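Visitor: These are the residues of each chain, in order.
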Amino acid sequence: MGVTEASAVRLTASNIHLDFTVYSLRAQSIRTAVVNAAVGGRLLKDRSDQVTVRALKDVSFELREGDRLGIMGHNGSGKTTLLKVLAGIYEPTHGRVQAHGTVSSLIDIGHGLDTESNAIDNIRVLGAMRLIPIRRMNSLIPEILDFADLGPYAYLPLKTYSAGMQLRLLFAVATSFYPDILILDEWLGAGDAGFVAKASMRMRQVVDAAKIIVLASHSTDLIRNNCNKLLVLDHGSVSYLGEVEPWFAAPAPAPQTAEPQAAAVA
Amino acid sequence: MTLTANASAAGEFGKAMRDIRDGLRLGPVWGYLALRDIRGRYRRTLLGPFWIAGGTITTALGLALVFGGLFGQPLELAVPYIASGIVAFGFISSLSFDANGVMINAGGSIRSIPLPHTFYMWRYVTNAVLVFAHNLAAFLVMVLIFTRAVPLSIVLIPALLLVAAASIVWGFVISLVSARFRDVQYMLTYVGLLLFFLTPIFWRLSDLPPARQAVMRLNPLLYMVGLARKPMLGELPTAAEWGVTAAILAVGLVTVLLVFVPARRRLVFWV
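Just so you know, the protein sequences line up as chains A and B, in that order.
Each residue of the first sequence is one higher than the last, beginning at 0 in numbering that gives the first Met the number 0.
Each residue of the second sequence is one higher than the last, beginning at 0 in numbering that gives the first Met the number 0.
Derived by calculation from the structure, the hints in this document are not laboratory data.
What you are looking at is a predicted structure, and each value in this text was computed from that prediction instead of being measured.
Warning: the hint list may mix true and false statements.
Stated by the list, open to error - Ranges of calculated distance between the beta carbons of each label pair, as one might list FRET restraints: (1) B/136 with A/155: 41 to 47 Å; (2) A/196 with B/26: 40 to 46 Å; (3) B/17 with A/73: 33 to 39 Å; (4) A/115 with B/10: 49 to 55 Å; (5) A/115 with B/53: 17 to 23 Å; (6) B/143 with A/163: 50 to 56 Å; (7) B/216 with A/112: 45 to 51 Å; (8) B/17 with A/249: 43 to 49 Å; (9) A/73 with B/53: 54 to 60 Å; (10) B/132 with A/135: 26 to 32 Å; (11) A/73 with B/26: 42 to 48 Å; (12) B/217 with A/112: 52 to 58 Å.
All C-beta atoms in this analysis are idealised placements derived from N, C-alpha and C, irrespective of residue type, glycine included.
The whole structure should be built from the sequences, with the hints applied where relevant.
Guide: In structure tokens, the structure reads:
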């Protein structure tokens, strides 16, 4: 990878469609598959045991260095699905996603915690699963422990931690990766009053350091304060794509007005 | 780093190959995680490694006492035979049938981190190979105690490599099919148990009447267990054992392509 190319961080989505089949437990059994094959695969599909979901329809955008894209939409409009496509977790049925630069998604960061192990061990595993080189992860450990403020608990198994301590540790790990392209499902914040200010400052640093941000949120304030572009999803299709303020200034076309905060601002 | 997710039907085969290649490249990561999994089993135990091999030792001794007695064999003959069979069968079944939960158990990771699917298989395989190493050590200790000799043959290395390759390929297929069809997981527990009894592990093929021997020869595990076990006892595997195991590997490789190429994109929705 050439140096010149590395400097041009880009994230492009071209005509993304995503359909997927949700199997009920019945459809996920062999008996059903055999019956399906015997009757030509029609019978049980029609009984809604197997539902095909069209999660995304023709989503396109291009983000360049410095872009902060906010994604809004109702629950179930496809925000998280789109983030997962951008992160490479889901592969689009049609269309393509191209990312130039390191991508890190803070989706379900807590997954894979081992409560029998201590903080240091867990930090190494969380980093390894996200392909952060072990040497780099090791060099991050003191700083993460310091920020999470675990004191002597750093050497005790996670099951002895309070909920707040676990949250602080996760937050500290999640905000230590510093990718070029950062994909966020809601803003990360953490716990108790004393920590909130410290956390939001660190989150700000991570966001400022990232060259491209994609942030899905329900909070209009968050998006207005952090993003320069807005994508509004409605049932998997793009109903608005452009500058942030015009969308809030003009009363949105019919489908989006149900968004309570948006209505209040307009 | 460039990451491209491109949905074109023609590229499905290429993308499956890329998954396999990327999975192999992540060796240091799954190697580290698998080592850690094993160390996790030692945690807070006094005799950690011993407990991993304990099942093998107790089963082998128990079966040797009863069946060695039934067949009129002294322990110094029965123990190496039965223990080698259990270690060989355990190696094969852990890499194949027991891999059924690999993708299902990795569901949380598959749905939140973009790693190649083969990554999870390799992590599991490394773990199973390390467990096998424990069992092999336990076998050597037992044989040393009962026969005062260790008859390992150098052929053990290629034999184990071939057996492992054939088992891993089928284990990967099983892990994918189990994620799609949830019956498979339950079924395999019983298939594994049935095969444990149908494969000459604690009995010998020659003990059976000829007609039944012919039926037993249809069991592919007979050849795989034979190939893995004989070098442990200082014997050479037969040509049939090499040949059938190689054929199982070849058919498995084709099956992997038929299953993994279409399953790769969809797996994330199954787990």
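Visitor: Are the hints correct? Go through all of them and say.
Guide: Right, here's what the structure says about each hint:
Roughly 32 Å separates the CB atoms of residue 136 of chain B and residue 155 of chain A, a value that falls outside the hinted 41 to 47 Å. Under the hint 40 to 46 Å, the C-beta atoms of residue 196 of chain A and residue 26 of chain B, about 43 Å apart, fit the expected range. Evaluation of the 33 to 39 Å hint for residue 17 of chain B and residue 73 of chain A yields a pass: the beta carbon distance comes to about 36 Å. Separated by about 42 Å at the C-beta atoms, residue 115 of chain A and residue 10 of chain B break the suggested range of 49 to 55 Å.
Range check, residue 115 of chain A to residue 53 of chain B: Cβ separation about 20 Å, and the 17 to 23 Å hint holds. Taking the beta carbon of each, residue 143 of chain B and residue 163 of chain A are about 54 Å apart, inside 50 to 56 Å as hinted. Between residue 216 of chain B and residue 112 of chain A the Cβ separation comes to about 49 Å, which falls inside the hinted range of 45 to 51 Å. A beta carbon spacing of about 45 Å between residue 17 of chain B and residue 249 of chain A agrees with the range 43 to 49 Å that was offered as a hint.
Between residue 73 of chain A and residue 53 of chain B the CB atoms are about 55 Å apart, so this pair conforms to the stated range of 54 to 60 Å. Distance hint for residue 132 of chain B and residue 135 of chain A: a CB-CB separation of about 30 Å, consistent with the stated range 26 to 32 Å. At roughly 44 Å, the beta carbons of residue 73 of chain A and residue 26 of chain B sit within the given window of 42 to 48 Å. For the pair residue 217 of chain B and residue 112 of chain A, the beta carbons lie near 47 Å from each other, so the given range of 52 to 58 Å is not met.
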